[in-house]
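Chains as they are written, first to last, in this note's numbering: chain A, 6 to 295; chain B, 6 to 295.
These are calculated hints, taken from the structure and not from any lab test.
Even glycine gets a Cβ: it sits at the ideal position worked out from N, Cα and C.
Be a bit skeptical, because a hint or two may be false.
Computed footprint of chain B on chain A, listed as stretches where at least three residues anywhere in the stretch have a Cβ under 8 angstroms from a Cβ of chain B [what the hints assert, rightly or not]: (1) 32-39; (2) 89-97; (3) 101-109; (4) 116-124; (5) 131-145; (6) 158-167; (7) 216-226.
There are 2 protein chains.
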Amino acid sequence: MKTLKELGEHNAIAALTANLKAVGDDCAVLPLDAHYDIILTSDPLIQGVHFVPGTDPEAIGWKAAARVLSDFAAMGADPQYLLINLVAPPEQDFQTLEKIYAGVSKVRKLFDVDLVGGDLSQGSTLELHVFGVGRVPKGKALLRSGARPGDVIYVTGPLGGSFESGKHLTFMPRIKEAKWLRQSGFVRCMMDISDGLATDLRHILKASKVGADIVSEKVPKVGTLEQALFDGEDFELLFTVRAEDAADFDFQCLENLDQQFPRIGTITAQPEILMLDSTVLELKAFEHFR
Amino acid sequence: MKTLKELGEHNAIAALTANLKAVGDDCAVLPLDAHYDIILTSDPLIQGVHFVPGTDPEAIGWKAAARVLSDFAAMGADPQYLLINLVAPPEQDFQTLEKIYAGVSKVRKLFDVDLVGGDLSQGSTLELHVFGVGRVPKGKALLRSGARPGDVIYVTGPLGGSFESGKHLTFMPRIKEAKWLRQSGFVRCMMDISDGLATDLRHILKASKVGADIVSEKVPKVGTLEQALFDGEDFELLFTVRAEDAADFDFQCLENLDQQFPRIGTITAQPEILMLDSTVLELKAFEHFR
Numbered sequence: 006m007k008t009l010k011e012l013g014e015h016n017a018i019a020a021l022t023a024n025l026k027a028v029g030d031d032c033a034v035l036p037l038d039a040h041y042d043i044i045l046t047s048d049p050l051i052q053g054v055h056f057v058p059g060t061d062p063e064a065i066g067w068k069a070a071a072r073v074l075s076d077f078a079a080m081g082a083d084p085q086y087l088l089i090n091l092v093a094p095p096e097q098d099f100q101t102l103e104k105i106y107a108g109v110s111k112v113r114k115l116f117d118v119d120l121v122g123g124d125l126s127q128g129s130t131l132e133l134h135v136f137g138v139g140r141v142p143k144g145k146a147l148l149r150s151g152a153r154p155g156d157v158i159y160v161t162g163p164l165g166g167s168f169e170s171g172k173h174l175t176f177m178p179r180i181k182e183a184k185w186l187r188q189s190g191f192v193r194c195m196m197d198i199s200d201g202l203a204t205d206l207r208h209i210l211k212a213s214k215v216g217a218d219i220v221s222e223k224v225p226k227v228g229t230l231e232q233a234l235f236d237g238e239d240f241e242l243l244f245t246v247r248a249e250d251a252a253d254f255d256f257q258c259l260e261n262l263d264q265q266f267p268r269i270g271t272i273t274a275q276p277e278i279l280m281l282d283s284t285v286l287e288l289k290a291f292e293h294f295r
Numbered sequence: 006m007k008t009l010k011e012l013g014e015h016n017a018i019a020a021l022t023a024n025l026k027a028v029g030d031d032c033a034v035l036p037l038d039a040h041y042d043i044i045l046t047s048d049p050l051i052q053g054v055h056f057v058p059g060t061d062p063e064a065i066g067w068k069a070a071a072r073v074l075s076d077f078a079a080m081g082a083d084p085q086y087l088l089i090n091l092v093a094p095p096e097q098d099f100q101t102l103e104k105i106y107a108g109v110s111k112v113r114k115l116f117d118v119d120l121v122g123g124d125l126s127q128g129s130t131l132e133l134h135v136f137g138v139g140r141v142p143k144g145k146a147l148l149r150s151g152a153r154p155g156d157v158i159y160v161t162g163p164l165g166g167s168f169e170s171g172k173h174l175t176f177m178p179r180i181k182e183a184k185w186l187r188q189s190g191f192v193r194c195m196m197d198i199s200d201g202l203a204t205d206l207r208h209i210l211k212a213s214k215v216g217a218d219i220v221s222e223k224v225p226k227v228g229t230l231e232q233a234l235f236d237g238e239d240f241e242l243l244f245t246v247r248a249e250d251a252a253d254f255d256f257q258c259l260e261n262l263d264q265q266f267p268r269i270g271t272i273t274a275q276p277e278i279l280m281l282d283s284t285v286l287e288l289k290a291f292e293h294f295r
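Isolated chain A (complex conformation) (with noise of 0.2 angstroms):
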């Protein structure tokens, strides 16, 4: 009999999740009405996985927020209503609970996206587990499915090093980004990097069956490349655009983001096939089971 740790986390998802709906993307995508489509996800964050104990409770709360938004993000959808549950051992000072809220009251306010649900439980750590509701222009979100060959890859800011340098606690989502992604419609393919830029663009390579080849000296590092390619919740959007498009892209990123976007390599016709300066990356993967 197989524990979770002999599995790996991404290999019982899978299993458990194999014949279901709409899973697989950052959110799932459902229909709502005539005119948009209803995004919703949520996303766990749990103390000695997520957070080490005596993590500012204002942070805590901001990230618990500012994930489930950057999953919005990684779709180009509009961020509507949260859910928090909150666990917390009984002995758990109340205070710390109020700066936690405080920390996604923040987020909130910032993407104007309201609280409007939850439940708090006894339990022996904290947790809090984030549902994100929203909405997308019908047919319009941006899926992992979308990538060609020949398109280029863009990442929207540097990877790695993020636990070390408090990143992954105070990573602004990249929802207005996104939705000027989203609408300017260059963009074919998009996700977000929570697991590392390798295993995340595995999962795009997967989804449209294409492969990838990465340009080392291009990726936009905070520490060393074997950083910026694994260390993990980085929380930039990893996209695609076709390359004839990609001179008009840049253009437009410039007059209306007011920057541009490092261009790290090439989708190729090689179905999974993941390289790194033409050479195959052998495959290693950010789990927090193993």
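Based on the hints, put chain B in the right spot on chain A.
The following block gives chain B in isolation, referenced to the frame of chain A:
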């Protein structure tokens, strides 16, 4: 500095959510489009709190999903989508998780609800956090605030002893009855009984600014009167009907649902005064943190 235990679960939720929208009923009710309101809810199910170690894993999955569906029933709403955040220790055997998901699947197939997402993380305790999305025709959700003096109080089934009997793991969410109750037009106010009749009826009294007088011999009981009043996790519906409609309502129930529901008391004009056989009932609540 107060701890959660000193403050109590309901007081802590009230303090944390004081300045938020749409919190207070079993579910949040929010505008969706011209025809429907969207209904959102979330419920945790935690080992050691909501079930004991060694509980049949299929029953754990059943309860986790059925509790959320009971929240939808409480509003007379149609559940559509579920997301589940599962937390488990790394040494958890995978087969148990598969059985938990099988229990969830039984519920969702029975009520035609899709599981569309979620997450899996390591943690010290086995936990499920279930998030539900549904809808109800615009303005038609049955709230806690609709009870008026003179209304007859009903419940859908026998109360008390749910932990001893195991009903808390196997109960049938009252989705079918709830939909008919809403569509009938007779029901003015509804909620589900999760914390015990006395505690939950007080929520209605507070939201509706009314009182109630319960007739002890009319309360359908599994065990003692005290159990029926104060035990939790019955997941029956508690609702009110105008006195002048009650006879017609009873007849329509028999015609349409093949059953009648017991009348257990009357709504009075004294705000938040709960009486049992015309004597004021002291405050005693089923509170997880106390």
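Would you check chain B against the stretch 216-226 of chain A, counting CB to CB pairs closer than 8 angstroms, and say if three or more residues qualify? Check failed, 0 qualifying residues.
Stated coverage of the stretch 32-39 of chain A by chain B [criterion: 3+ residues, CB within 8 angstroms]: holds (count 5)
Has the stretch 116-124 of chain A got at least three residues whose CB is nearer than 8 angstroms to a CB belonging to chain B? Coverage by chain B holds for the stretch 116-124 of chain A (6 residues, Cβ < 8 angstroms).
Please count how many residues of the stretch 158-167 of chain A have a CB within 8 angstroms of a CB from chain B and say whether that reaches 3. violated (count 0)
Is the listed coverage of the stretch 89-97 of chain A by chain B valid when you require three or more residues with a beta carbon under 8 angstroms from a beta carbon of that chain? Coverage by chain B holds for the stretch 89-97 of chain A (9 residues, Cβ < 8 angstroms).
Within the stretch 101-109 of chain A, is the number of residues with a Cβ closer than 8 angstroms to a Cβ of chain B three or more? Since 3 is at least three, the answer is holds.
Count the residues of the stretch 131-145 of chain A whose CB lies closer than 8 angstroms to any CB of chain B, then report whether that count reaches three. holds (count 4)
The structure shown violates the earlier hints numbered 6, 7.
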